[in-house]
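Numbering (the working numbering), first residue to last: 10 to 139.
Hints were generated in silico from the structure; no laboratory data involved.
One or more of the hints may lead you astray.
Cβ pair distances, simulated, as ranges [unchecked claim]:
| # | residue 1 | residue 2 | range |
| --- | --- | --- | --- |
| 1 | Pro112 | Thr31 | 19 to 27 angstroms |
| 2 | Ala61 | Tyr105 | 22 to 30 angstroms |
| 3 | Leu126 | Gly81 | 25 to 33 angstroms |
| 4 | Leu78 | Leu124 | 13 to 21 angstroms |
| 5 | Gly97 | Thr11 | 32 to 40 angstroms |
The structure presented is a predicted model; accordingly, all values stated were derived computationally and were not measured.
The C-beta atom is built at its ideal place from N, Cα and C for all residues, glycine as well.
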Amino acid sequence: MTRTGIKAALTDLLLNEDITLTEAAERHFTPDYRQRTDGEWADRSQFLDHIAHLRTHLAAGEIEVYEELYDGDKYADRHTCHLTKKDGTTVSMEVYVFAAIAPDGRFQRIEETALMLEGTDADRNLGSAR
Numbered sequence: 010m011t012r013t014g015i016k017a018a019l020t021d022l023l024l025n026e027d028i029t030l031t032e033a034a035e036r037h038f039t040p041d042y043r044q045r046t047d048g049e050w051a052d053r054s055q056f057l058d059h060i061a062h063l064r065t066h067l068a069a070g071e072i073e074v075y076e077e078l079y080d081g082d083k084y085a086d087r088h089t090c091h092l093t094k095k096d097g098t099t100v101s102m103e104v105y106v107f108a109a110i111a112p113d114g115r116f117q118r119i120e121e122t123a124l125m126l127e128g129t130d131a132d133r134n135l136g137s138a139r
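Taking the hints into account, I'd like the entire structure generated from these sequences.
Structure (structure tokens):
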């Protein structure tokens with residue numbers, strides 16, 4: 010089993026133009042995937058709709074992982090999303106993640122909260138995966 014991680018998942022979802030959003034989702038997220046970001050739940054369909062919207066605004070970026078822990082089917086990390094929008098402005102957010110990993114190594118559930126480091130309130134959900 011190959012386990013996914015947040016850097017690979019977010020890079021494929023937001024920044025890898027060589028694969029489709031559907032391919033990225035299949036690679037890193039189970040069909041029953043759910044996510045809670047700053048208290049709001051989204052199912053896989055809502056999550057992917059949001060990611061599709063984000064892809065239209067992003068020009069480049071990098072995911073910097075500081076700490077990443079696996080313990081059986083549990084996952085946790087602390088990372089920063091450094092993103093450049095198509096208008097040239099930048100957004101940086103530090104994100105704290107707790108997740109469940111399915112037996113096949115993909116994310117089944119993520120619960121996260123984010124701290125804005127650079128950007129405006131309107132940019133808040135650019136760095137998150139909701």
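Hint by hint, which ones does this structure get wrong, listed from lowest number up?
-> none
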